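Keeping their order, the protein sequence lines are chains A and B.
For my numbering, count along the first sequence from 1 and bump the result up by 91.
For my numbering, count along the second sequence from 1 and bump the result up by 342.
Careful, some of the hints might be misleading.
[To be verified] Below, a list of computed lysine to aspartate or glutamate pairs in the EDC-like style, where the Cα atoms sit at most 20 Å apart:
| hint | chain 1 | residue 1 | chain 2 | residue 2 |
| --- | --- | --- | --- | --- |
| 1 | B | Lys421 | A | Glu137 |
| 2 | A | Lys216 | A | Glu205 |
| 3 | A | Lys125 | B | Glu503 |
| 4 | B | Lys389 | A | Asp136 |
| 5 | B | Lys389 | B | Glu400 |
| 6 | B | Lys417 | A | Glu143 |
| 7 | B | Lys417 | A | Asp136 |
| 8 | B | Lys421 | A | Asp136 |
| 9 | B | Lys389 | A | Glu205 |
| 10 | A | Lys141 | B | Asp404 |
| 11 | A | Lys130 | B | Glu400 |
| 12 | A | Lys125 | B | Asp404 |
| 13 | A | Lys130 | B | Asp404 |
| 14 | B | Lys421 | B | Asp404 |
| 15 | B | Lys475 | B | Glu503 |
| 16 | B | Lys389 | A | Asp184 |
| 17 | A | Lys195 | A | Asp184 |
Derived from the structure by calculation, the hints contain no laboratory data.
The model shown is predicted, which means the values in this text are computed figures rather than measured ones.
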Amino acid sequence: MITAETPSNPFIPAPFEIIWSLVFVAIFAVFIIKYLMPKMTAILDERAAKIEGGLELADKAQAEAAEARAETERQLAAARREAAGIREEANSDASQIVTEAKTKAQSEATRIAENAQRQIEAARKSAVVSLRADVGALAAELASRIVGESLADDARQSRVIDRFLDELDETMTAPAGEQPAAEAAGGAAQTAGARESEA
Amino acid sequence: MSEFFPDAIFGSVAADSWFGFDRIIFVRIVLTIVVLGLLWLGARNAKLVPGRGQSVLEMGLDFIRVQIAEQVMGKERAKPYVPLLATIFITVLAMNIGGVIPGLNIAGSARLGVPLVLAVWLLLVYLSAGVRKQGFVGYVKSQLFPPGVPKVMYLLLTPIELLQVLIIRPATLVIRLVANMMAGHIMMVLAIGATHFLILEGAGLLKLAGIATFAGGLFITGFEIFVAALQAYIFALLSAIYLNFALEEEH
Chain A
92 MITAETPSNP FIPAPFEIIW SLVFVAIFAV FIIKYLMPKM TAILDERAAK
142 IEGGLELADK AQAEAAEARA ETERQLAAAR REAAGIREEA NSDASQIVTE
192 AKTKAQSEAT RIAENAQRQI EAARKSAVVS LRADVGALAA ELASRIVGES
242 LADDARQSRV IDRFLDELDE TMTAPAGEQP AAEAAGGAAQ TAGARESEA
Chain B
343 MSEFFPDAIF GSVAADSWFG FDRIIFVRIV LTIVVLGLLW LGARNAKLVP
393 GRGQSVLEMG LDFIRVQIAE QVMGKERAKP YVPLLATIFI TVLAMNIGGV
443 IPGLNIAGSA RLGVPLVLAV WLLLVYLSAG VRKQGFVGYV KSQLFPPGVP
493 KVMYLLLTPI ELLQVLIIRP ATLVIRLVAN MMAGHIMMVL AIGATHFLIL
543 EGAGLLKLAG IATFAGGLFI TGFEIFVAAL QAYIFALLSA IYLNFALEEE
593 H
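I would like the entire structure built from these sequences, with the hints used as guidance.
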């Protein structure tokens, strides 16, 4: 098997073997180090960058979504608060309006009642005034009549009084339309009385 | 042995020859062209979204980077050496696989040259890396004078460590690989030769024994594929470990 021309020891290489091996290893090394690794590394880096970018984008989108949700919730809460505020305000407004209306009605009622009171008072007063005037006139007429008779005669006196009372009765019972007649009668009596006092 | 030292196709294959061309070198040329061609095909149209070829290629390179380089040396430290380790792994694997390719039938690494060149390259790289990292004195100190031993022990330890760093580590790489490939080749030659002999020339029942040796040959072929990958892995892994030794302050 071992011939003279070939090296017998497999662990002592011939120079040509080393040279060829150098060539092959150099070819492998140049191809892999200069071409293969940079190319694949570039691709891997690019892919990693892309994935990272995608992840980042997803993160950002998620953050944005979360923020939007938070914003919505915030707005919702604000709207709720606002609605509650409005409701409360409306309630208080309503109660205020009611109380206002109540007080107004109260005051109105009081005013009306006062007016009525005042009217009544005025009517009473005018009645009193007119009554006083009438009574005065009547009294004056009666007195003038009594004086007009000018006699101490009891019979005559009582006659005068009776007549006066009759007249008075007539005046009281007579309807409003007959008043002037009574007054005219009274006036006549007055004039008669005046005439009598002159005499 | 002549299987490993075939006659020259041209030139001379004498022990002192500076130029010779024989079958093993032819096998290496074929393997180089085919493997680099395949790699080129895989990487040529490398895209962001990989095709099938590119995926396989990426998986292989990823294996080298993650399982061999980064696992041993750590991510940052491994980075500058990944191309070197990739070259070692791919070259050894390519050369090894020749042993089971019909027609080639011998591993390109079955003779000393390629493993030796790779190992010497690695030796130079780890020496220079160590010197660059720690300075010449620091490197020598960390490699040859391991701390924590009595000073007297350096008489014993330092020559051993020197031998270890300069000779033993590269030599074991080379010898392990070459011996594996040679042994694999011898086994296959034996199995196939025996099959050939037994089937063609065996008498009677001996032909049946030929079937057994044929099955053995099949098994050895499968085993050789496994060994080819395993030895490439071991070569690259040990390279990474040796590089790491050089870069570490102490070991």
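Against the structure, the hints come out as follows:
Our distance criterion of 20 Å between C-alpha atoms is met by Lys421 (chain B) and Glu137 (chain A), whose separation comes to about 17 Å. For a cut-off of 20 Å, the pair hint linking Lys216 (chain A) to Glu205 (chain A) stands: about 16 Å separates their Cα positions. A hinted pair counts as satisfied when its Cα atoms are at most 20 Å apart, and Lys125 (chain A) with Glu503 (chain B) does not qualify at roughly 35 Å. A threshold of 20 Å between alpha carbons decides the hint, and for Lys389 (chain B) with Asp136 (chain A) the separation of about 12 Å falls inside it, so the pair holds.
Between Lys389 (chain B) and Glu400 (chain B) the alpha-carbon distance is near 11 Å, which keeps this suggested pair within the 20 Å criterion. Using a Cα cut-off of 20 Å, the hinted pair Lys417 (chain B) and Glu143 (chain A) holds, with the two alpha carbons roughly 19 Å apart. Distance restraint check for Lys417 (chain B) and Asp136 (chain A): the Cα-Cα separation of roughly 15 Å lies within the 20 Å cut-off, and the hinted pair is therefore satisfied. Between Lys421 (chain B) and Asp136 (chain A) the alpha-carbon distance is near 13 Å, which keeps this suggested pair within the 20 Å criterion.
Under the criterion of a C-alpha separation no larger than 20 Å, the hint pairing Lys389 (chain B) with Glu205 (chain A) is inconsistent with the structure, at around 103 Å. Distance restraint check for Lys141 (chain A) and Asp404 (chain B): the Cα-Cα separation of roughly 18 Å lies within the 20 Å cut-off, and the hinted pair is therefore satisfied. A hinted pair counts as satisfied when its Cα atoms are at most 20 Å apart, and Lys130 (chain A) with Glu400 (chain B) qualifies at roughly 11 Å. Between Lys125 (chain A) and Asp404 (chain B) the alpha-carbon distance is near 17 Å, which keeps this suggested pair within the 20 Å criterion.
Between Lys130 (chain A) and Asp404 (chain B), the direct Cα distance comes to roughly 13 Å. Compliance with the 20 Å bound is thereby established for this hinted pair. Annotation: proposed proximity of Lys421 (chain B) to Asp404 (chain B) holds, straight-line Cα distance about 13 Å (limit 20 Å). Between Lys475 (chain B) and Glu503 (chain B), the direct Cα distance comes to roughly 19 Å. Compliance with the 20 Å bound is thereby established for this hinted pair. For the proposed pair Lys389 (chain B) and Asp184 (chain A), the alpha carbon gap of about 73 Å is over 20 Å, so the pair is violated.
With a C-alpha separation of about 16 Å, the suggested pairing of Lys195 (chain A) with Asp184 (chain A) holds against the 20 Å cut-off.
Checked against the numbered hints given earlier, the structure breaks hints 3, 9, 16 and satisfies all the rest.
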